[in-house]
Amino acid sequence: MKTIDEILKDQFSEAIGKAFGAEYITDPMIKAADPKHADYQSNVAMSLTKKVGQSPRKVAEQIVAQLTLDDVCEPPTIAGPGFINLRLKKEFLAKALSDAFGDAVSSRAGVDESEHPQTVLIDYSGPNVAKQMHVGHLRSTIIGDTLARVFEFLGHTVIRQNHIGDFGTQFGMLIHYLRTAGLADQPLTIEDLDRYYKEATAKFKIDPAFAEQARKTVVELQSGATEAVTIWNRMRVETHKHYTEVYKLLNVTLTDAHERGESFFGPRLPRIVERVKSTLEFGGEGTTISAHSGTSDDTFDEPYDHSPPQKNGDLPETQDNVRRADEASEPKEITKPFAAISGGAFCVFLPGYVGKDKRPVPVMLQKRDGGFPYSATDLAALYFRVQENKTTPAEQLPLNKDWHADRVIYLTDARQSQHFAMVFDVFRAAQWDHNPATEGPVSLEHAPFGSILGEDGRPFKTRSGDTVKLKDLLAEAIERAGNVKAERGAELPAEKRAIVNRTVGIGAVKYADLRNDRITDYIFAWDRMLSLEGNTGPYLQMAYTRIQSIYRRGGITPGQVRASKPKLQLDHPEEQALAKKLLVFGSVVESVARDLKPHYLCTYLYELAGAFSRFFENCSVLKAPSEDVKMSRLLLCDMVATVLRIGLHDLLGIEVLDEM
RNA sequence: GCGCCCAUAGCUCAAUUGGAUAGAGCAUCCGCCUUCUAAGCGGAUGGUUGUGGGUUCGAGUCCCGCUGGGCGCACCA
1172 MKTIDEILKD
1182 QFSEAIGKAF
1192 GAEYITDPMI
1202 KAADPKHADY
1212 QSNVAMSLTK
1222 KVGQSPRKVA
1232 EQIVAQLTLD
1242 DVCEPPTIAG
1252 PGFINLRLKK
1262 EFLAKALSDA
1272 FGDAVSSRAG
1282 VDESEHPQTV
1292 LIDYSGPNVA
1302 KQMHVGHLRS
1312 TIIGDTLARV
1322 FEFLGHTVIR
1332 QNHIGDFGTQ
1342 FGMLIHYLRT
1352 AGLADQPLTI
1362 EDLDRYYKEA
1372 TAKFKIDPAF
1382 AEQARKTVVE
1392 LQSGATEAVT
1402 IWNRMRVETH
1412 KHYTEVYKLL
1422 NVTLTDAHER
1432 GESFFGPRLP
1442 RIVERVKSTL
1452 EFGGEGTTIS
1462 AHSGTSDDTF
1472 DEPYDHSPPQ
1482 KNGDLPETQD
1492 NVRRADEASE
1502 PKEITKPFAA
1512 ISGGAFCVFL
1522 PGYVGKDKRP
1532 VPVMLQKRDG
1542 GFPYSATDLA
1552 ALYFRVQENK
1562 TTPAEQLPLN
1572 KDWHADRVIY
1582 LTDARQSQHF
1592 AMVFDVFRAA
1602 QWDHNPATEG
1612 PVSLEHAPFG
1622 SILGEDGRPF
1632 KTRSGDTVKL
1642 KDLLAEAIER
1652 AGNVKAERGA
1662 ELPAEKRAIV
1672 NRTVGIGAVK
1682 YADLRNDRIT
1692 DYIFAWDRML
1702 SLEGNTGPYL
1712 QMAYTRIQSI
1722 YRRGGITPGQ
1732 VRASKPKLQL
1742 DHPEEQALAK
1752 KLLVFGSVVE
1762 SVARDLKPHY
1772 LCTYLYELAG
1782 AFSRFFENCS
1792 VLKAPSEDVK
1802 MSRLLLCDMV
1812 ATVLRIGLHD
1822 LLGIEVLDEM
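Numbering-wise (this note's numbering), the first sequence opens with residue 1172 and increments by one.
Don't take each hint at face value.
Here are the simulated lysine-lysine pairs, BS3-like style, with alpha carbons at most 25 Å apart [claimed, not checked]:
1) LYS1632 - LYS1266
2) LYS1751 - LYS1173
3) LYS1642 - LYS1667
Rather than coming from a laboratory, the hints here were simulated on the basis of the structure. Keep in mind the model is a prediction, meaning the values are calculated, not measured.
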């Protein structure tokens, strides 16, 4: 079905062509306008003035003269410098709305699936083994999950990826600590692990003998020594239990099928280094890059294996084709990407990255000691996601086929922006950023987000200065939700009240996060997020509940209303305002996917709830002047409830309630 | 030193590829319920969009400078 935007756009393009000739046809710049001026406006007249050589108002007049929109809107008007203003006819509104919410598509509220479905991979949450989830994971988890839901709703193939931090030196450290404390074979809870992790880190820093042993334990773990791996696996299982509980509480869609820890890429690390070596040319910045593109016929012999890779041995320092980048006494500007051994480590140097000492900062892919830093893991993961053909069912999860992502999206905090920019640049330098199946380009996107701050404007911490554990935070949210009372709230039995508290509390936390622009920091304030007034989760849940209440009072169900096929009557201004708001839902969801910004949807739902409230104040539903109007209004209520439910429940992952 | 991000009403936040008089909520003040959930609605007060230039018919939005705040800058992840 054509959206209103498309109808208007087509008409304007045609009118421009008729008025000035086909060569003048451009984007007619149709926008939803400020309601006090118009429903929609076109600003194309201003942009055409120079090309046409006439005043913008004259241009606008000629376009308007060619428009044939009689069925859609009132006669267009021209205002200001040359705005063309459009008011939709109420008959058109009613028809468009009825079409959008027809029986077959009521579960989609008129939003079509994308005509160009893509494979969208979203990397989010990423908890660490042996650590409890804390507020630092909240934004990634919630925003990532919402985006996954949005892309899915729009008909894209979504691959959720939970990149668990389960690999690295810290685990050698922790295992060694447990051994020295005689705890290595004891059952340990996540709380225990979390505590010992901190203690081990502290000891690592001040005790060189401990640090030395810890490093040896890393090697032991990486070499696959049974005992060390056993302890490590127990930690992973315990942590898995922990974050699975948090996900359930948060209503997050991540499952085991989406889990692929850093250790999964262990066997691929030597290989990605080799691949970079054979793709990017070695030597100085004067060399060109051989355009060897990623192949799609890779096969990996290694079985699916969570154990760490073998240590790769020492790198040869003097390969024929490897230049010592650190030989140069004075730093030179890098103009083209190249690989080199630098300080004994295998690195890729990229243009545009300069450190404090004015020397180029490389992307390190293999350390002097043969170990692999996280850049290598991220690059290997990216390769796996875009280029690699999958050889086992486990690798194919969650799709059960090859992936070849068209769009890879990372949800991490803004501090990692440079890291991802560099990893992406390496990936592009190797010319791997195309889809081997479709030949299309691959978009690599870091969606950074700001910090959560306390009410004092400083990083959000507990009173004693510790990081806030997610589990504790959510428990507090549920408890605090219990204190929220409505003057006319429903009298509910304790069991139902408990469900309401949980739903309202969790919803409030999630909504408070999602409603803010992703990129900015936001202040975490209990009173505001749990407030029953303003742009909050509880307010929106309430709006939904009020609609359900109307149906209960009226002794009728939405299904019965729809079955009677009432004719929409939009005579009251508030009915029309509500109808217009309902019709733009789809374009809002699309903009969320375009900019990766869920707060557009939050703002929209809040405005929709506001439009409903005004309608509710002004247009009595059950005591409507006639049966026809009553049924029309009941249908309108159902449409609002549908959009609220899709928006909150399906897209934001926030539960709705029939009573509260 | 180089780079990235941020700065909007007293407070918390919007302003969707540059559009009309920068909008909400809270707080303050004034109205509206013998109740379709007042957890609501209407109205008032509140702004040199940090600052100085520039581009444009048009700038909170784009470009340059400055101030203030946050973050990053290879063998930790």
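Okay, the hints, checked on the actual structure:
At most 25 Å may separate the alpha-carbon atoms for a hinted pair to count; LYS1632 and LYS1266 exceed this at roughly 53 Å. The straight-line distance between the Cα atoms of LYS1751 and LYS1173 is roughly 15 Å, inside the 25 Å bound, and the hint therefore holds. Pair hint LYS1642 plus LYS1667 holds up; C-alpha atoms about 22 Å apart against a cutoff of 25 Å.
Of the numbered hints listed earlier, the single one contradicted by the structure is hint 1.
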